[in-house]
Structure formats: structure tokens, C-alpha cells
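Engineer: Work out the full structure, taking the sequences as your base and the hints as a guide.
The residues making up each chain are set out below.
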Amino acid sequence: MDSMYDFSTLGWVRHVVFHPGEGFEDLRWKKQGSLKLSFVIVLMLFIAMVAQNRMVGYAYNTNTVKIFNVVPLIVQSVVYFATWVIGNWCICTLLDGEGTLKKICIFSAYALVPYIICTFIAVALSNVILLEESIWYYAFTYLGIGWSVVLMISAMKAVHQYTMPKTLISILLTLIAMLLILFLAILLLSLFQQVYVFVYTIYTEIEYRIRG
Amino acid sequence: MNGFKKYAKRLLGLSLAACTALTMSVTAFAEEPYESYSYDFWDEAIPSQVGYTVDTTISGREMELSRLSDPEDPLFYSEDASASLSEARDFDVFEDSEIWIADTGNSRILVLDSTYRIKARYYGVTGTSKLEDVEQSEDGKTSMFKEPYGLKVTTSPVTGKKTVYIADYSNSRVVRAYVASDTELVLEQEYTKPEEKLYTSKTFNPSKVQVDFAENVYVVVKSVNNGAVQFKSDGSFTGFYGANRVQVTAKVIAQKLWRKIASNEQIAGMSRTVPVEYANFDMDDEGFIYTVTEVKTDTDAVKKMNPAGYNVWDNAAGDDYTFGDNTAAQYDMTTKKSHSTKLTDIAVDKNGIINILDFETGRVFQYDRLANLICIFGTNNATADQRGSFSSPNAVETKGEKILVLEGSKTRNDITIFRMTVFGENLHKAFEYYDEGLYLEAAPYWEEITKRDGGYTYAHVGLGKADLKNGNYKEAMERFKIAHTRKNYDKAFEYYRDQWLQDHFTIIAVIVIALFVVWLVFKIIKVSRARTYKLKHKN
Chain A
4 MDSMYDFSTL GWVRHVVFHP GEGFEDLRWK KQGSLKLSFV IVLMLFIAMV
54 AQNRMVGYAY NTNTVKIFNV VPLIVQSVVY FATWVIGNWC ICTLLDGEGT
104 LKKICIFSAY ALVPYIICTF IAVALSNVIL LEESIWYYAF TYLGIGWSVV
154 LMISAMKAVH QYTMPKTLIS ILLTLIAMLL ILFLAILLLS LFQQVYVFVY
204 TIYTEIEYRI RG
Chain B
199 MNGFKKYAKR LLGLSLAACT ALTMSVTAFA EEPYESYSYD FWDEAIPSQV
249 GYTVDTTISG REMELSRLSD PEDPLFYSED ASASLSEARD FDVFEDSEIW
299 IADTGNSRIL VLDSTYRIKA RYYGVTGTSK LEDVEQSEDG KTSMFKEPYG
349 LKVTTSPVTG KKTVYIADYS NSRVVRAYVA SDTELVLEQE YTKPEEKLYT
399 SKTFNPSKVQ VDFAENVYVV VKSVNNGAVQ FKSDGSFTGF YGANRVQVTA
449 KVIAQKLWRK IASNEQIAGM SRTVPVEYAN FDMDDEGFIY TVTEVKTDTD
499 AVKKMNPAGY NVWDNAAGDD YTFGDNTAAQ YDMTTKKSHS TKLTDIAVDK
549 NGIINILDFE TGRVFQYDRL ANLICIFGTN NATADQRGSF SSPNAVETKG
599 EKILVLEGSK TRNDITIFRM TVFGENLHKA FEYYDEGLYL EAAPYWEEIT
649 KRDGGYTYAH VGLGKADLKN GNYKEAMERF KIAHTRKNYD KAFEYYRDQW
699 LQDHFTIIAV IVIALFVVWL VFKIIKVSRA RTYKLKHKN
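From first to last, the protein sequence lines are chains A and B. Offset between the first sequence (1-based) and the working numbering: plus 3. Offset between the second sequence (1-based) and the working numbering: plus 198.
If you are wondering where the hints come from, they were derived from the structure by calculation, not from laboratory data. These numbers come from a predicted model, not from an experiment. Glycine included, C-beta positions come from ideal geometry on N, C-alpha and C.
Calculated pairs, EDC-like style, for lysine to aspartate or glutamate (alpha carbon to alpha carbon, straight line, at most 16 Å):
| hint | chain 1 | residue 1 | chain 2 | residue 2 |
| --- | --- | --- | --- | --- |
| 1 | B | K600 | B | E623 |
| 2 | B | K360 | B | D311 |
| 3 | B | K685 | A | E136 |
| 4 | A | K69 | B | D241 |
| 5 | A | K69 | B | D238 |
A short list of chain B residues far from chain A (calculated; beta carbon distances all over 12 Å):
| hint | residue |
| --- | --- |
| 6 | D271 |
| 7 | E333 |
| 8 | Q387 |
Sample of chain B residues with no beta-carbon within 10 Å of chain A, all distances over it, derived:
| hint | residue |
| --- | --- |
| 9 | K359 |
| 10 | Q445 |
| 11 | T577 |
| 12 | P642 |
Structural biologist: Here is the structure:
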């Protein structure tokens, strides 16, 4: 019955999304999953966030519409995803996880698909429904989040071949690791900023001396 | 060639100078010394048109106060009577014609007629005070005023006489007197310090006075923070009215916690957090009392109270009323500080329009009866040497359509009279209709307003509501988008969607049926194919 698991790349995505229990195990067993596609999914996550910010129905838009800044959205999608993958890899290498960096990236990205799709549906829906019918909007939003969380747990369980308690602990530790990474990144950034200022000051000083 | 160039240059320079000189003379007009602005949805100050402009200023000279020292004149008081106001604290407009001024520094009451000329003056009331240390005049008939801080003029519902209530600050009394002539007030009743346990303050220095339809007297007393002191018309003390609450800040909470663990001796040494007494109050035609308090925070800065003392504009009850400046939005780059507001007086006119005076910034904030901001005008200026600017504005009143502000600093004492601009007139008409729900009638005025100030939020709300009433739902949606009112937008969108569904019902029905049929056909084909496949394989 091998022909049953003979999917195309997108077919595999569909399979894992609709089979939260076994989907990722199958994906791992069949050594499937495309890194390119996972990058596309992360890009789509970013686009979904921008859509939610800009294209949501006017009555549902609680953002400050006067100004739009894309940088926070990039951080919330791409940067958070990258830190998640790296943090998870760091933690699970220590905790005897079987996943490689590439695998973690692919599996995590696939788990995000319901959230992205539900966000798009909710945004589209918000343009045709009233505030009274907001239940539909929130239903889709929370459905997307819930589904993706379930898939993410399942994905981490499959990729590292953990038991359920260990998966949950590893996820918790990953979140802490993410905080640490971001904290260090900010620290590093400000440090380099100061080094840059220091070097630049010396440069100007020398420049003035040479000019006389 | 060189000579010609020089000549041409000179000619050019001369003509440019001439042009500049010409434009200078053309553009010489009296501009308001203040910048007009209003607030948008995000509480950010945005420039707007002026709603009110300075009409005139009236000082002692224009009031003809020199008549008080002219022996020939019927209003003569003494040779050395002051010909100007001195630190005047309060004034009141009686039936849109007479202006009564409490000339605090000169311890007298002045009355101006509708052309702002002196009409009457009172230095005391005829009668004898029950308080011992009140100064009597030389002939012993008149009980003199000493620094009257506030006054209120009404027609008494009992006697039908023109009656005046005077908060005689340094004499520790409130006087009720009726007007006998242009120089004589006759004492009817004195309201003095209540000799009751409920009244705990040692002093009784009344600064503002108000009276309701049942002749109950409300008095704001200095350093009494339980609310206004309330008297019956016969002078008996009935209690306190509408006290302010303490703003809950981190400091207050911390103090509450410390009090739990501190010893009695330590508690005795702590400062208590008490509410702030009001600065002033006013009453509208329906009997609601409006109070203002000079606090920097939001709690109870402006209250609208019913006769039971319950605040109608209570934000704790889920409303969102704001008054005065959003101080964060008023950061001054030159002085590097943001303005603090100190709302000092409130005046409500016959149409329910509310004017609130800010002592700190010299601005008058005008609101409609639903507390929507109409416009802001006036400014602060340390020297107060420009018309429309104030250094210590003490009181605001309305006289017909005009707004009067009393300036009572040491150096300048006068009344500034503001009149409406065309923009202001349109605002008032528009708000009047809008508040009554007559959106179509308000629309032309809102149109006028948008011509002068396209960023005026309520104009777009008003026009949107008119569009809604006319059935132009699409336009209404656009208007509400500009005004950024999501609730109104939602309402317009509901109508728009209903209409759209009705208009396109046939085509929607056809598409749905067509899709269903197509789906059905596919299903049938699939099933029949599967059947034939099975049959073939059986054979």
C-alpha cells in the first residue's frame, strides 16, 4: 500500500494539516518535506500579518491607521520563527532530540499553515460582516491559532521522537531560549552600536589631526 | 554694459523693496494671539479655525469708573474711589444685560449695563450683620463688604425681587440682599459658619456661591473638601453637596498599605490624602449643577450633578468624558514642559453650551450639551498685554452669544469680550441641530465647516449621519472612515450590505442554483462512471 503515501509536495502539507496525530510521523518516515516550501510558508506568514494589519474590515481595525510600520511585523513573523527554530535546535540537541536544524525548520513551518489560512479567511470575512457578527471573525482567528498550536506540538514530538511530557517541556524550554536569544541579540546590537560610535569618533579625531 | 547691469540691479532691488512695503501694509490685520486647534480620535492636537475672536476689552476707563469719585454724579462714593478693577475674582451676567462684578481688591460690587458702562455700585448692604467683626459704615446703617470673592444674581421666586448672593470672603459670610437702588442693597439673610459638629473646619471663607430654584444656597468654602456647603434659604445648614473623590494614584495605594502596618504615632505623622475642593460651579436651566476642580488628573475635574449630588458624567460608570487639554499633546518645545491644566471656572448658557476656563493656559474650552468639544480659544501670556491673552483669568460667563472672560491679575484688570466668527456660528447651529437628532437640517452647516476646516471630526460624523438618513450608505461609510468612528461605520455598512443584497438578489440566487446544478451533474457523472468501471471489471 505504498501508493497511499505518494503525495506531491503540497499534498504532504495537506496530509499533515489534516492528520494532526500521525501526519508528521508519516512525513518523517517518508523523509519528505521541502525546505524551499517552508521558506515560502514563513513569507506567507509575514504577508498574512500585513494583511491582518492593513486589509481587515474597517470596523474591525483597531490598529492606529495613521502610521504603518512594517518592521515590527517582520520581527513578529520572520525573526520570531528563526529564533524558534534555532532555540528549539539548541535545546533539543541537549535533550537527545533526533531533529536536525533543517527538519525542525520544515516541520515548524508546516505547522503554521492553518494559522496563515485562517488569518486570510478571517481578514476576508471581516470585510463583509458586521460588528454584531464578530463571532465568525474571532472563531476563525482562534481556530487558526489553536490548530497551529496542536500541530506544532505534534510536529515537535515527531521530529525529535519524544514522549508527550518531554515535548511540552522542550517547548517551554525553547520559549525561554527564544527570550534569551532575543535578549542577547539586543545586547549585542547595542554593544556593536557603541563600538561603531567609538571607532567613528577615533576616525573623525584622526581626520581632524591630519587636516591640521 | 557694466553700468547697465549695476543700474538694473538697483532697479530690481528698489522694486522688490517697494513690493515688500506694499504687501506689509496690505497684510496688517488683527490676528488672534492664539493658535486654534481641536483634538482628533487619537487625542492629538490638530490645527483648526478660530471659533471665537476678540470683540473688545473693557477696563475701568471704558466702564467710566471715574464717576465714582465725581461728587456731581449720582453714583459718587468717595473722592478716592478707585477708577479701575483690582484683582476681580468673579462676575455674573443677569438676564443677558447686566454684568455684576465682584471687585475683590476694592471690596465692592459693580454693575455694568449692556453697553458695558457703570450702572450701579455697592460697597455694602443696608442692615446690621450678626457677626461682630464686620465693619459698619460711619453712619452705622451699612454693613461693609470685605473682599467679596463671588456673587450670583437671580430673581427671587418668593419675593420676585432682583436678589443678589455675595460670598463675602474676609467677613466669613454669604449675604443675600435685594436691590433697592443703584447704590443700595438691602440685607435679607446672612449665611455664616455652621455651628454644628458635621462642619469641622475652623474657618468659613466663602469663595463662590450658587442658588437653586428652591432657594437652597450652595457655597464653596476655602479648605473645605467635603463638597459645597449647603444652606436652606432661612440660613440653616443642611449639609454638604457632591464631594469630589480622591484620584487613585500609586502614591495613594502605597499610603493605604503603609497605614495597615504603621503604628498610631506613625500614622499621625503621615499626610492624609483628601479630595480637592471645587474651584467654581454653575447651574443650567434644568437645575443641574456643573462643577470644576483645579486638579491635574481626570477624576472629577468637571462634574455635572443632579440635585441629589450624583455625578452624571462619571467615567467610572463606563463613559469616556474628557475635558480640558490632553496635557501630553501640548508639549511646548520652547519651555520644554507640557502644560498642566487647571480648570477654574465653568459657564453654561441657555442652549446648554458649556464653557470651561483653564487658568493655567488661559484657554476657554467650549463643549456642547453632550460634552463634545466644539472649539478652543484664548491663550496665556505672562504680561497679558495682548487682547485675547490672559495671565490670571479668573472667571468666564456668557452674555447672549458672547463669551466674557474676567482677567484679574495685579497689572491688568478687565473683561475681554469674545464674539463668534462665521466658523463659530456654523459650529453652533450645526451642533444645535445635531444634538436634537436633526441631521439633515445640520448638514448645510457642516458643509460650511468642512469648507473652512476639512479636518473637523464632528463635521464628518454629522454629514455621515445625514447621508445615512438620505440613504447614501456608501458616502456615509466614507465620511465615517474620515471621522474614524467605527461604530457609526458599522451601522452604515449594515444598511449598505442589506441594500446590496436586495439589489443583487436575483443574480446571487442564479449563481447559487447554477453552482448547485454543476455540482450535482459532476456527482452523477462520477457515480455513473464508477458504476460502469465496476461493471466492466466484473465482466
